[in-house]
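**Q** The hints should help you fit chain B onto chain A, whose structure is shown.
Taken in sequence, the protein lines are chains A and B. Note that the first sequence covers residues 1 to 235 in the numbering used here. Note that the second sequence covers residues 1 to 565 in the numbering used here.
The calculated DMTMM-like cross-link candidates involving lysine to aspartate or glutamate, where the alpha carbons are at most 25 angstroms apart (straight line), are: (1) K83/A x D523/B; (2) K340/B x E161/A; (3) K68/A x D40/A; (4) K347/B x E74/A; (5) K211/A x E223/A; (6) K84/A x E563/B.
Computed footprint of chain A on chain B; a stretch qualifies when at least three of its residues, placed anywhere within it, have a C-beta under 8 angstroms from a C-beta of chain A: (7) 42–55; (8) 338–348; (9) 493–499; (10) 504–511; (11) 516–526; (12) 536–544.
Since the hints were made in silico from the structure, they are not lab data. All values reported here derive from a predicted model rather than from experimental measurement. Yeah, the Cβ is synthetic: ideal placement off N, Cα and C, and Gly gets one too.
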Amino acid sequence: MSVVVTLKINDIDVSGQEDETILDVAREHDIYIPTMCHLDGLSSVGACRLCLVEVKGMNRLVTACTVKVAEGMEVYTETERLKKYRRMLVEMLFSEGNHICSVCVVNGRCELQSMAGRVGVQHITLPYYNPLRTLDTTHERFVIDRNRCILCTRCVRVCDEIEGAHTWDLGGRGIESHVVTDLNTFWGDSPTCTGCSKCVHVCPTGALFEKGRSVTEMTKHREFLPYLTMMREKK
Amino acid sequence: MTSLEDLLVPYRGRARDALLPLLWDIQTAFGHIDHDAVQSISHTLRVPAAEIYGVIHFYALFHHQPTGHTTVYVCDSPSCGIAGADRVIAALSARLGVPPGTLTPDGQFLVLHSPCLGLCEHAPAALIARRGAGEFAYAPVDDIDCLLVECAQTRQTITSGEGVMLTRQPQQPAQTLPEYGDYAALRRALAEMSPHRVIAEVDAAGLIGRGGAAFPTGTKWKLTHAAPAQPHYLVCNADESEPGTFKDRLLMESQPHLLLEGMALAAYAIGASKGFLFIRGEYPEAARHLQAAIDAAAAAGFLGARIFDTDFSFDIELRRGAGAYICGEETALFEAIEGKRGFPRVKPPYPTTHGLFGKPTSVNNVETLCAIPLIVAHGSAWFRQWGTASSAGTKLVSVSGHVRRPGVYEIAPGLTLRQFLHDYCGGLVGPLRAVLMGGAAGTFLTPEEIDVPLTFEHLRAIGSTFGSGAIMVFNDTTDLRDVLRRLARFFQHESCGKCFPCQLGTQRQLEVLERLEQPLPGDPQRLRDIGLTMTEASLCGLGQTAASAVLSAMQRWPELFGETK
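Chain B on its own, in the form it takes in the complex:
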């Protein structure tokens, strides 16, 4: 049995940015982080105890109170909801004799609700934390006994499409270096291209950020490269937490070296020698693959000091989040790496000048970075053979819900949503009721709207969004009010609480939706007022999009809210 002292040894002399890794070590070993542990951490890292308490309390995967030897997090997002997540919870409660959130008397088991686990194609999904052993995903939950005792399970995500970023043979992932190759694009860039040349190529390729905000990657790199303060940092945002999104998980599990090579190229372009790969805590398998890949790449000399005998040095540090959707917001992500509660910062200033540790930082999404080695290797013109002028290159789409083949598809933007659902996803299961584009922060579409071409510009033109590339499909058996409540509960649970409109508004929005069957007078207008206040007045993207799906549903289906069309 590991002792607390043993766990603290490697952290002596380190500063507060080591807080989350240390909390993870203690959480994994003991199942919770008690007051004595907090005091010891406070002495070791020289961080006030009150602040450590606040950090533990902020992240959903860290616990003050004892958890079970086995703790099961059951996903209750819309895709898992329509696949029977409530039945899983009910069956577990019946088996264990305690409701969710209550530890069994013998201290063995604890069941908790969880926001989207990013396993939507295998819904319903669960994440299992075993004391001393770490976390494991289990999806689909076909046998609830397997959540309580260890069972072997293999998962195969359906992928197909253009086969540019995702290999055409998903059963042959390039997880190891021999399978992947020798970082030829990086070698070539370091030998033949200046950082400016790399940025120019990415700019010419028209690559748009794939994380949801759709910011041009080349522009971001130019601004970061030009920032005078030193050092510069590269951060890979692998905190893929948007409900219904799982394409980054697939990339990291199947193509870890593609991502690392992309990070090295990005670092070279912006002038960084240190990179952080921040991955959400709910992705333990991907984190294990990535750490193995980082170690292999460093051993082969593709990462580390003087790569390929050039002046370019680059190290990657893997950091695990601990259960907070808000940390996908770039400045909240910085705070998490720095060992703080994941509170977004007020912008301006922007990360390109004042980012991680206050230094110029480029934050890029996993899929964005995975496109970089391909653009550098084949050129911008090659990349532009897919998609449209404003949505260049292939785009990964995560599909879940009522389609025959839920999975991750690599599409050439421009085909319509209808073509996509029929030609790629094997068609619909049952008559279509609604599509949720862009995840919880996205908007609903009606069956009449699915002839929209899947591009950033066409979706924006109809008031929708590509967002993170999540598409959730609901047939006519779906209770849309239930879906709306799940989305509202998600935002209420994930609001960080820093700014007033979001902290208060996400709760008030949920209350109105919970009484949709017995509304109070004036509720529809109240819902709109709350929604608009959050959208316009909130500090960050979470609050600014927390009412997006609800407001879009009000426009399309007023009858759900007790209004007439």
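One chain only, chain A, in its complex shape:
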């Protein structure tokens, strides 16, 4: 039986279990904290930094998706500096990739797109980076378009942690980072991919999609994930 702790989020009294994260408890109380790399059912990596919050008494900002709640904690999720960094991050994401919503399969259902609205990015003030990125259409059912990838690594994690295939990983580093299948070889030739489509459905943008989908036609289903995780942990 885990211990119940009480804390304050944005000066509101809330309670949670001591093994829950700040994000878990916030969501239980309908307090919105933006996230991109986090997904229920996968391990948390704290990479996108959108869920950064201020905790009274801590020097640095902390990621709500990884830090556990504690008795008496005072958390702030919407301070001016947090809002500023979130806007800056989303703006950097948009200007760094080749994100052209009007021709994208997930237009209207994209997490990056809706995040821009939520954090208040209305236009991009940074010059576009326009990188040269590759697209792999060799898989018989799916496509990876790295122009739309934001490196959240959900596909890498779901393939490793849930499917157990570990077809996906990362190549390069820094700004050159990119997702790869196997030895950076064609997805269609993959000896490890089971074709399960989990990576496609956890992808927050239009980077991974089903073939045959036109603009705005790709809907992603993720509700299966926490269930799969729970069933696997039972075993």
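**A** Below, chain B alone, put in the same frame as chain A:
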């Protein structure tokens, strides 16, 4: 000629933490690690092939594509830049007829840019990898032919100062056991002192970590010692990659046993029986000295099982990094030892409870550990005769750039930067323009600011840092914009890519600096916004300091950025 199969034999039955050593063996033997090799490694260590690909691609000294029989890495950090690194690259390209990054048609030579090689006192510097033979440093690059064919070269680093940690006679290093001694401090501690007593002595000495983060060593040991999970690990962070820093290299090359004895004492204090010494791949000579010293100490019974017939056993495993500044970050270093891409972990939890292999771990810098045998042998009061209350003991400083005698100096903290530059370094070469304190992750100082006393507390008070103890000096012939671009390029190249602010911000920062001569409207504010986002929102110390030098330069020299004072 070694075959791939031969190289794999000793690794059969081992797990993924053997990945980096195996990749090194294959890289050295064949000059690259091809797809067939990856598949064989995958079967041998039972690691997914995609993950091995990712690891090879992460580390700059590992290659998927064939390299030359001789591959030359030319340092392009600020100290080598002002000493003519670009001319070295240009001369090599002209001689070989190919640009950097392109293999010569006969497959013999490849020239690559490199971040700081830690040979700043001998700038410009290069690292040479010869297939089948390993790596060798060559600095200064006085003759480019010597980068292509083997030449003998001896280097002598200028050292002087208090003579506590560094001997007063640098020409007589204590490399061998007879020269060094019989680990008397360890013998004494094991016979007379409890682990608590050792920690108390280090605590009383006021020893502050010398790696850059300035965390009190005694506190770290107490936390690790008290952690309930077992086993405990000791890790020596010898991944000295902060541009302009080379004091740890000198210690390891000249005093390897001092470091090993320090590691044994630290392990005794925190309750560890296994230690890892993680040294950056760019330090092949130091790695050879250390391995020889480990073997000698084990043969003499100073390392291994039941040391000095006590219950204390301790083994040290040397691990080589493979070209990634980020692995100096303690949790990224764990990942590298565990055979993964060097991605820093989210903290908390901290290494003292969840470190290497998820176990309680103390990570200490080379210089920090080298102070331990001296503190144990002579006591905390003796150690405190140097320095100030908050910066106790002697501190090693790496100096490069426009001074008459660049080198490693052991100072008593408290003297001013001006005194140091004149009394220790032989004075300046030309009128002073700027000093970069603490390496690429540090801050600039103007000539008016050099009366600051060199202590952790005084430097912090003026918004600067002692950092890793790197001091880069630039005279009025230096193009500071060029220096800033080199620093920004360094962070852009070394960002691991895990967290968004650093991965994106280091690139955007570099772009603004590259167009300083023809800026876009709003660029200065853009640079500040990007810098502040990286500083506050990044996951680890790399991103949190990637804008530090740039922001400090903006405060001091707004005119460089198209702003008025």
